[in-house]
Amino acid sequence: MTDFKPSILAFCCNWCSYAGADLAGVSRLQMPPNVHVIRVMCSASVKPEYVIKAVTQGIDGVLVLGCHIGDCHYLTGNHRTAKRIPLLQKILDEAGIDSRRIKLDWVSAAEGEKYQKVVTEFVEEIRRLGPNPLREVRF
Amino acid sequence: MQRVGVFVCHCGHNIGSVVDVEKVVEYAKQLENVAVADHNLYSCSEEGLGSIKKSIRENKLDVVVVAACTPRTHEPLFRRACEQAGVNKYLFEFVNIREHCSWIHAKEKEAATEKAKRLIAMGVAKASLLTPQKEGEASVIPVAAVIGGGIAGLTAAASLVSQGIETHVIEKEARLGGLLNNISVIGPEFVETEPLIRRLKEDLERSPQAHIHLESRIVELGGFIGNFDIKIAEGAKTTDFKVGAIIVATGGRELEPTNVYGFGKIPTVITQMELEKRLAGGAAPSSAIFIQCVECRQPGREYCSRICCNVTLKNALRIIRSNPNARVTVLHRDIMSYGTTAERLYREASESGVSFMRYGLESPPKISEKEDGASVEVFDETLNENIGISGEIVVLATPIISQEGTAETAKLLKVPADKNGFFLEAHVKLRPVEFATDGVFICGSARWPSHVTECIAQGLAAAAKAAIPIRGGKVVIEAITAEVDVERCAACGNCVLACPYEAIEMTVIDGKRCAKVNEAQCKGCGTCVAACPNDAMQQKGFTTRQLGAMIDALIKNCKEEAVE
Amino acid sequence: MNDPGKEISRLAFDERGADYLLAVREEYGNAGPAFVAKGEDVGDIRTDIPYQLVTILRKIYPYMEDGKIAVVIRRCEEKALNELIKRGIIDGDRIIRIGLACSEGQIEACRCTDPVPSCVDIGSPGKGWNEDQLSKELSAMSSEERLDFWVAQFRKCNKCYACSTNCPVCVCDHCVLEECTFVAEKGIPPGMAFHLIRAYHLSDKCTECGECERSCPAHIPLLTFRKMTNRDMKDLYGYESGDTETVSPLLTTLEGDLLEEEED
Amino acid sequence: MKIDHVLTTCPYCGTGCNFYLQVVNERLIGVIPCKTDEISQGRLCIKGYNAHTFVQHPDRLKHPMIKEKGKMRKASWDEALDKIVSEIKRITSEHGNDSVAVFASAKCTTEENYLFQKLARSAIGTNNVDHCARLCHASTVAGLVYSFGSGAMTNSIPEFEDANCILVTGSNTLEAHPLIGSRILKAMENGAQVIVIDPRDTPLSRLAQFTLHQKPGSDIAWINGMIRVIIEEGLFDKEFVDGRTELFEELKQVVQQYTPEEVEKITGIEPKMLVDAARTYAKADRSMIAYAMGITQHSNGTDLVKSLANLAMVTGNVGKESTGVNPLRGQCNVQGACDAGCLPDFYPGYQKVNDTGANKKFRGAWKSNLSTKVGSTITSTMEKMESGEIKGLIIFGENVMVSDPDIAHIEKALNSLDFFALVEIFPSETSKFADVILPAACYAEKDGTFTNTDRKIRMLRKAVGPPGEAMPDWKIACELGKKFGAEGFDFSSPAEIMDEMASLAPIYGGVSHGRADTEVISWPCPTKDHPGTKVLHVDGFKMGRGKFAPVHHSPPNEEPSEEFPMVLSTGRNLFQFHTGTMTRKSPKLEQEAPEPYVEINSGDAKMLGIEDGSRVRVTSRRGSIALVAKVTERIIPGTIFIPFHYAEAAANRLTNPAYDPIAQIPELKVCAARIERS
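Chains D, U, B and L are the protein sequences, given in the same order. Be aware that the first sequence starts at 5, since it is given in this note's numbering, and climbs by one per residue. Be aware that the second sequence starts at 22, since it is given in this note's numbering, and climbs by one per residue. Be aware that the third sequence starts at -2, since it is given in this note's numbering, and climbs by one per residue. Be aware that the fourth sequence starts at 440, since it is given in this note's numbering, and climbs by one per residue.
Quick caveat, the hints were computed from the structure, so don't treat them as lab data. Heads up, the beta-carbon is just placed ideally off N, CA and C, and yes, glycines get one too. Worth double-checking, as some hints may not be accurate.
[What the hints assert, rightly or not] Taking lysine-lysine and the DSS-like style, the derived pairs with C-alpha atoms no more than 25 Å apart in a straight line are:
id, chain 1, residue 1, chain 2, residue 2
1, L, K441, B, K35
2, L, K851, L, K508
3, D, K9, U, K128
4, L, K1024, B, K183
5, L, K1045, B, K56
6, B, K231, D, K107
7, U, K580, D, K9
8, B, K65, U, K533
9, B, K183, L, K1045
10, D, K9, U, K577
11, L, K1027, U, K533
12, B, K56, L, K441
13, D, K9, U, K44
14, D, K118, U, K130
15, L, K1045, U, K50
16, U, K577, B, K183
17, L, K441, U, K533
18, B, K65, L, K441
19, B, K56, U, K533
20, U, K580, L, K1045
21, U, K577, L, K1024
22, B, K133, L, K625
23, D, K9, U, K130
24, U, K44, D, K118
25, U, K440, D, K107
26, B, K56, D, K94
27, L, K1027, B, K183
28, U, K577, D, K107
29, D, K118, U, K128
30, U, K580, D, K107
[Claimed, not checked] So the derived label-pair ranges between C-beta atoms look like this:
id, chain 1, residue 1, chain 2, residue 2, range
31, L, E477, B, E37, 27 to 33 Å
32, U, K580, L, R645, 16 to 22 Å
33, L, D956, U, E523, 55 to 61 Å
34, B, D145, L, L674, 31 to 37 Å
35, L, A1065, U, K580, 23 to 29 Å
Produce the entire structure from the sequences given, and follow the hints as far as they go.
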């Protein structure tokens, strides 16, 4: 497939990463149009079940973005995220789903450029990995 | 079945020049549950809002989706419009096709249009499952607590008391005044501090509404806005009281240099605070060298302490004023004399003979001890050569750092602090003197190194904010809280442990063990929702079904695309 | 100890003061769970059939208002019981443990690494296994091969929920796997998400009792999957389930481990 | 505090899994699989795990009720029973004994079914007794009796594990018989080749090495085609054919015309697939055939069953372990109900009613004058009810208003009755028509036995008491028998009933509750010291030689037309069971499959503008229902499938009551229909 258009989901916390994404927009920082943001209040509210749901049904990649550790609007919310996502990645790897399809990163409200960088690099990474093999698998 | 209305905004050229809005509207029309889809040139204009409201009424819409800019700025506006048209404000969903689409895919019009469609499909999927929410109400104990008796705290307390609000001031030292107790004069107007503190102190001491607790610290804190329980250790005894709001004014402290510039070895190398003491005693040196940005704005402590430049300017001028022949040199990396009065101070200093030299972070000044003073060798960036100077004293301008015990205070109050240990306000511009935790407010250097004028302004602002719930007697509780489905809850306890606010407890309802959320304490972060294995815990406005539907919409879209 | 039934009964009722005993006994030519009160005939107790008595205990426990219950438990069940006590679902003071050391055959069937209960009352302690052969093989595979393997396995799933129904540490009555919020397929097989979500939910609880694998009509090597995710949990956070104290790392803050962020 | 674990038998399909019901103070709280059970091996399907949930449902019938002026009212047992007896007696005295019919129940125990037929034959005096086997495996009984001399599964469930090849047709085994499916999966793990022939993709076909999709109703063609390949290529078992069968030449003659290309024309199966499957089946050392409703529910169902027997005999796959022809029976005790003689032509143990010896034997035993006239089947009873020939009906636990074909016709038939008594556990679609309703105990509330699909006698043990005044059916039958004035209805336990049946039915000769309590016995078990028979026909067929049936393909009774262009097939899904009386009251099962749907091929759907989830209307010559479309690639184009569990959109409003002339089984698997967006 030469014309692979990755479908990517991003969870952004309301306070930092969503604001960071807004700042990227305000700054007119250009990036590939494959990432679809779902706004959540805190990265800690992102259920790993959402990520599993998405990747098992063919979404090519999932970004989970939160405030930097120590800057969480909800004290230690993102500490939980920082623990859940690596575990989830391991579990996906065990099942043969490339964990590079899941990325956890921290983007502050001031980091429009970082947001652009994270999105651009992730889309590139997913392009390298190719389409999610589960997109074609029928049970 | 919900009747959903979708309103897509051109935002003038901002969206309309990239995203084919008409096409997107046509697409939205055929989405499930969508009763009407329309577009506006500027949805947020009077006209735009008016047409949305009209459409809500005419089409009997249950739910409204606006695809425009960011909810972070415009959500309240559209929610209000919904309410005015008779739709519960929580039956509104915002789709961001400007910041997250047209502005960042400006050159890919077609792809941006497609993405806008997908984002709207996701928004509609969520919107179809939205439910109206009612904001709760809690009564407020008409008492406030101010933690810290420095200038910011005293200002806030005095302001509260003057409004007739009973106020506790909790000060860890044996006397009120904080850092100003060691500073006699403040810039830029060279005001004496003693009367300032004295007046505030007297105001409080005179008022029966004020309770001053010295040598005190909080040992326990529970509750939530309107109803906090505080226990303090006051000397040897402990005291309990209840308050409705809390102002944090714990201030900051001067960094004691660690083994740099000969500090501690060369007696003539002193801190700014030591200089204040000497100047207050009337002893002005014949020559002085100030070194700015000591141990800050460098790896490990990146921030600018903001006030040190002005303090140096003030003290340099005090030296010059008491001894016009004094030689004063300021070694700096940038002078931050922001604001018109401070700028005037800088000019006056320059004109009075204070010499300013710029050094780089990579070539800091070298100090050596010398009889009656110290000599400094510095690489002048302007002259591009090493210069030797000497002075009777070398003053190290170190930054204000966070107060001792900030971490403990943060934990007690369940409020965040940044990596430098300064407290983090709810929003730097929109809610500067509030915490995300309702009923807890912040002012002064506890938030960021602040001048006295700023401390006073913030103290007054915090007092004004704190007075709102107290005077109102009631508070509205944010509806984006977590809630438990008692029937489903398996009482595994995950949520209790995961909650950063200790807002969840195990209880027994009709003989069944289950979790219970204290709504007033819940901040709606959703951490518990992600920890709940069986979906018994839900975050209002972000339920798993709602977000699940958004994911489904994207999956459906990408499957369809794969088919095509 | 010729008749384990007599010994178990003596330990439970005479020595340790139990009011009830939960064990496996033979009746009608089959071995099944039996719940007997003090003073009743315990019957023909069997210790060779690996019923998950903690699962059975968890189901009847809410109905038991008082009394101490003696349970014959293997090491895995002991750990499962601890997990339930940790979560406040069972009051540990009301449970009397009668430790059963697994036979060599059982240890082999479970590729069990930790077969000896903290207190061995019945049976003689056997040596644990080091490794699960299939996990090893899977780890050596490429990502694609591993995915193919699991897809082929999960395709057999007939959604009987035996893996969760019989699991001692699955405590929810209403399970998200029964709904389509996260698991797309309404029919069978339920697809990958079903098994991955279960793996995630069990990551901080599973005691590798193997009941899911034993009771799976599709013969999916679920115990291997459990062992693999348990190993991940240990690698990442040094956590192993099975005691009454250690809080799941998924519920704690980063404090103590890594506060500074990774630089990229 | 009383906590018990009661070992009993699952009330759903015919696999006969045993499990423990967990009882706390008379309350059922759960199901625990029995790890030492030979059949289930400590595993169950989702229905088994939820088998406790409907038992204590608040809707259970708790009191006898009598209809008065169109309304139901509570009545005493005596009043209700008297009413039944007097009404039935009135009808028989006016119109003769054959104006009354009794429907027994495949959900009741063998002992109860024994009493039901005894009630009909001895107390009422008619052979008009039948049960739902008529709708599922009547053609199996007829077909396999013709071919082998015995109408039951030739081999046993555990043997599936050791087969080298398993041919599954017309059976969605993983959904309808999950624990037999489990054995097939095990066999695959052991290297067995699995061939699935079905118009739909089933969960098993997705795993099988060979998946062949035939057009509904075209089965004889592919079977004959396979036999042709086997004979042509010399893959048949000459020794077996010569030594143990007859009519081989005739068969050879008939299959001659079924070339792979010809078969493709009729069935749509690719020639290469057919040949490969035939070779695989024939070459394997031990090949088993498993089939179910997809074979039997046709207007030529008996011929279809015979064809499968042909296939097995040609390759010598009969009378050995892990071979044979294995009808998978769908009800927990449909085998037992047949064994107990709830068929219009058989006394217990398949002894013909028109056989004078048998008639004499039962007359003597029951001390009653028994009719030698073969009775009426369910299908013909329905016709006779509508025509007025049959005026009185007693149904023990069947929901004919959902389960039987052409519901409009059933409705008319029920409305034509003079008197209708129903024994049930829940109010049902059928109970609205009853004049008297008696509340029965369900499986968890009584003792007795079920005979599962592989002829094993499985014990039921009472776990809890029945709700309200409800009584086990055997007690109800005893009371009715006594009130009719018949002798031999004085039983104090199901064990006693089994003893009487064992004394009269030789295949059950050695069966008793005492033995079945601790032993797993498969009939035939003629004597107390006989171990039972796992594999049938090992030493020879009952009638000597196995008989080939030279049969031709014939099209279904109803074929697609311009007005009704689609073929409608019906069946089950995993989560619901039959008319849903039990499963739809089990929350977890209902949640999995809560609403009626029709499966349609994605290509067809696109053409008709139907999307997944669209509301659609399906219409046949007999009726029309509205339901939701499930668009899938897992059904062949031109065919639609509706599970028949849902009364609110009952598939049987559409189905064709045309039936097999021999077995009188209706053609539930094929009718012509139309689907459109609503």
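Hint check: K440(U) vs K107(D), CA-CA at most 25 Å. Holds or violated? Given pair K440(U), K107(D) holds - Cα atoms ~23 Å apart, limit 25 Å.
Against the 25 Å threshold, does the CA-CA distance of K1027(L) and K183(B) hold or violate the hint? OK: K1027(L) and K183(B) at ~12 Å, within 25 Å.
Holds or violated: are the alpha carbons of K851(L) and K508(L) at most 25 Å from each other? With Cα atoms ~20 Å apart, K851(L) and K508(L) stay inside 25 Å; holds.
Against the 25 Å threshold, does the CA-CA distance of K580(U) and K9(D) hold or violate the hint? holds, 12 Å
For a C-alpha distance cap of 25 Å, please report whether K9(D) and K44(U) respect it. Holds, at about 21 Å.
Taking only the CA atoms, is the gap from K56(B) to K441(L) under or equal to 25 Å? holds, 14 Å
Measure nothing beyond the straight line between the CA atoms of K441(L) and K533(U); if it is 25 Å or shorter, mark the hint as holding. holds, 21 Å
Hey, K577(U) versus K1024(L), does the alpha-carbon distance stay inside 25 Å? violated, 33 Å
Check the following: the C-beta atoms of D145(B) and L674(L) are separated by a distance inside 31 to 37 Å. The hint (31 to 37 Å, Cβ to Cβ) holds, given that D145(B) and L674(L) are roughly 34 Å apart.
With a cut-off of 25 Å on the C-alpha distance, tell me whether K1045(L) and K56(B) pass. Status violated; Cα separation ~49 Å.
When you check the alpha-carbon spacing of K183(B) and K1045(L), does it fall within 25 Å? Status holds; Cα separation ~22 Å.
With a cut-off of 25 Å on the C-alpha distance, tell me whether K1024(L) and K183(B) pass. With a Cα-Cα distance of about 19 Å, the restraint between K1024(L) and K183(B) holds, given a limit of 25 Å.
Hint compliance for this structure: hints 5, 21, 24 and 26 are not met, and every other hint is.
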